[in-house]
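Enquirer: Residue strings, one per chain:
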Amino acid sequence: MDRFRKWGWGLGIATVSAVSAFGLASWQANAAPGTPPPAPGVAAEQPRVSHPSPVPEPASGTGSDPLTGTEVDRARAAALTPELAAGAKDVNGKPGPEYLAAELDADGTGRQAELYYYDYASEKLFKQVVDLTTGKLAKSFSAAGMQPPASAQEAKAALDLLVADPLGADFKAAYRKATGQDLSGTAGLVPTAHIYTSKPADRGATQCGKSRCVQLIVKTADGHFINVTDIVVDLSGRQVARLK
Amino acid sequence: MRYRKTAGAVALLTSAALSLTVPAAAQAAPEATPCGASAMVKETLPNGTTWQLCWRINDKAGLVLDHVYVATKRYPEPVQVLDSIRMAQLNVPYDNGDTEYDDLTAIGLGGYGLETLTGDDCKGGSIRVGSDGGSDPQQRDVLCVSAEPRGLAYRLHDYQWDDESEEPTEKVYSQQGHDLVLRTVSKLGWYEYVTEYRLHDDGQISARLGATGDLAPSEYSTSDNGWPIGNGAAKDYATMHYHNAFWRVDFNIAGKGGEKVEQYDTTTTGRGSMTAALTTTHKTIASEGSFSKVNQRFWRVVSPTSKNADGHARSYELAPGASDKYEGHPETKPDVTFSQKNLCEKWASDNAADPECPLDTRTVVDFVKNKEKLTDPVMWVRVGFHHVPRDEDQSPMPMHWQGFDLVPRDFTEMNPLTPAGREGANGNQSGEETRG
Chain A
299 MDRFRKWGWG LGIATVSAVS AFGLASWQAN AAPGTPPPAP GVAAEQPRVS HPSPVPEPAS
359 GTGSDPLTGT EVDRARAAAL TPELAAGAKD VNGKPGPEYL AAELDADGTG RQAELYYYDY
419 ASEKLFKQVV DLTTGKLAKS FSAAGMQPPA SAQEAKAALD LLVADPLGAD FKAAYRKATG
479 QDLSGTAGLV PTAHIYTSKP ADRGATQCGK SRCVQLIVKT ADGHFINVTD IVVDLSGRQV
539 ARLK
Chain B
107 MRYRKTAGAV ALLTSAALSL TVPAAAQAAP EATPCGASAM VKETLPNGTT WQLCWRINDK
167 AGLVLDHVYV ATKRYPEPVQ VLDSIRMAQL NVPYDNGDTE YDDLTAIGLG GYGLETLTGD
227 DCKGGSIRVG SDGGSDPQQR DVLCVSAEPR GLAYRLHDYQ WDDESEEPTE KVYSQQGHDL
287 VLRTVSKLGW YEYVTEYRLH DDGQISARLG ATGDLAPSEY STSDNGWPIG NGAAKDYATM
347 HYHNAFWRVD FNIAGKGGEK VEQYDTTTTG RGSMTAALTT THKTIASEGS FSKVNQRFWR
407 VVSPTSKNAD GHARSYELAP GASDKYEGHP ETKPDVTFSQ KNLCEKWASD NAADPECPLD
467 TRTVVDFVKN KEKLTDPVMW VRVGFHHVPR DEDQSPMPMH WQGFDLVPRD FTEMNPLTPA
527 GREGANGNQS GEETRG
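From first to last, the protein sequence lines stand for chains A and B. Throughout, my numbering is defined as the position within the first sequence, counted from one, plus 298. Throughout, my numbering is defined as the position within the second sequence, counted from one, plus 106.
Just so you know, nobody snuck in bad clues.
Once the Cα atoms are required to be at most 35 Å apart in a straight line, the calculated DSBU-like pairs of lysine-lysine come out as: (1) A:K508 to B:K475; (2) A:K387 to B:K293; (3) A:K434 to B:K362; (4) A:K470 to B:K341; (5) B:K477 to A:K422; (6) B:K479 to A:K422; (7) A:K434 to B:K447; (8) A:K422 to B:K447; (9) B:K475 to A:K437.
In short, the hints are calculated from the structure, not lab data. Every value quoted in this text rests on a predicted model; they were computed, and no experiment measured them.
Sequences are here, hints too, so could you generate the full structure?
Expert: Structure below.
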């Protein structure tokens with residue numbers, strides 16, 4: 299009795315493995331690269347779109363064209379008034395405002411460039427509107443408490459502040475963990491800066507918003523991302539704070 | 107003098123390029139010069155539908171489409187649909203409450219965030235060179251334009267009675283549809299976002315955002331708001347988060363503007379002889395407000411003056427896609443907001459970043475606070491996606507999509523793809539001697 303039962307159980311196992319072996323074999327047979335696929339119908343092919351050769355960027359754009367390089371250069375020359383150049387300061391404390399962005403005003407009559415600058419001396423955002431037809435500064439506005447995205451120079455300045463600060467220890471440890479090496483400098487690191495604005499319910503770094511603050515994501519030379527979102531760098535106060 | 111000469115040469119080049127790439131029949135442009143040749147996309151899909159639009163990259167919004175016109179084989183006169191469409195915010199709060207990003211206004215989808223297209227990014231399509239919208243703008247391979255099959259556009263197995271032979275004749279109408287697809291890719295840290303607009307050959311416009319790249323490398327929390335990924339022993343709970351995406355849509359139907367907004371609701375009001383009887387009512391949304399979807403509700407933007415050949419007012423309907431509601435902010439709850447066009451209202455949240463504009467107009471909720479009369483409406487569409495990470499999200503993360511459709515309603519008096527054999531099938535045909 300005992301022997302029979304054992305034998306039956308053994309047969310069961312054999313059957314199961316035979317079935318699964320057959321299943322896998324037939325699956326692989328069907329998926330074999332030698333099997334010709336059904337010929338695709340004409341309708342299923344991707345139709346062509348035109349492929350115009352790129353033409354050199356014109357000096358001036360038309361209508362809702364993006365701002366051209368030449369237009370941005372001309373607009374920047376008109377936007378940076380002598381007062382702004384002398385009175386304002388950039389992220390590193392040098393004379394002249396921090397240049398942030400150039401946008402097309404697509405809704406105005408005629409083409410206008412809107413240039414944004416941050417003045418670290420007055421903690422104000424400047425918007426300089428340049429008429430691209432006349433090449434002259436048409437309007438100027440400034441306000442405190444407005445923080446558009448950071449420039450590449452600001453991201454770099456934030457990284458330098460972080461590395462020089464005692465709170466940079468976490469970053470250095472994360473760098474060592476990711477790359478297996480000690481951080482020897484900021485060369486080769488690519489920082490991405492998120493503007494950080496403190497909301498009423500947030501804890502810590504409550505000056506951010508009035509001050510210009512960023513959080514950093516840093517890409518190492520070998521492609522690792524180092525996330526230090528618990529740290530806020532206050533570019534206005536040139537200080538580093540832990541958020542969480 | 108030298109400058110002028112150069113500009114002249116470039117102008118010549120541009121017009122030469124135009125005449126090479128634009129078919130002669132299409133030279134009757136809807137508007138003289140909405141933009142230059144490099145910023146214009148004009149393509150005819152296999153079914154004969156032509157879309158024309160201008161594109162550019164904004165440093166914050168990324169891809170912007172404007173002056174969007176459609177013409178079809180049946181209705182070859184180009185008719186404007188949109189003044190413009192673009193993203194208006196991408197708010198990414200993490201469920202543990204410790205991390206939040208406003209990706210458009212705190213980093214930006216354009217400029218250095220915009221990827222140069224490569225690999226399979228534009229397989230089968232045409233990569234267009236253009237400005238990346240940065241502070242020092244660079245000409246790069248940034249836009250993919252392609253025509254892609256979208257499956258069956260329609261099918262009809264038609265039976266007609268032939269009086270001469272006194273036999274029924276039959277015909278199968280079966281037609282592949284296509285989309286004109288415009289696509290850019292932005293990389294913000296580890297996440298990569300695909301901004302995509304699909305312009306269908308039947309007049310529909312689909313806007314969607316794809317998210318791929320990698321999960322945040324150090325956003326881990328607990329089982330309350332994370333999902334364990336990686337080796338079972340590790341107990342690393344990747345933090346759940348939302349992608350609260352907003353789009354700004356500005357219609358300009360047939361170039362006439364001044365659209366009306368209508369809301370339609372269907373309710374069960376009684377019984378017919380077999381089943382429930384339903385009643386659909388509509389109301390005009392005359393002043394600014396935010397609205398949410400309930401069963402069978404839809405909105406449409408109607409031209410007060412432009413009509414199709416049947417005399418029906420042209421309109422586009424908002425067909426929202428699947429959407430998760432984020433309860434953490436007032437502005438991430440409503441599905442759609444209609445506001446009177448105001449150039450200070452740019453971003454659905456974190457809006458106050460223009461010194462020419464008030465500091466207290468921060469979100470779509472603020473845009474509509476004073477319930478201004480709607481004479482030039484702008485539509486803000488919110489689509490949320492609650493991302494619960496999974497093992498398969500590494501690596502790279504499989505693309506996940508969120509978006510919505512704009513569907514023509516009475517834009518043309520029949521399906522713009524109607525084949526010749528079905529031309530007469532407009533309106534109530536039951537009085538004629540047809541069978542089927």
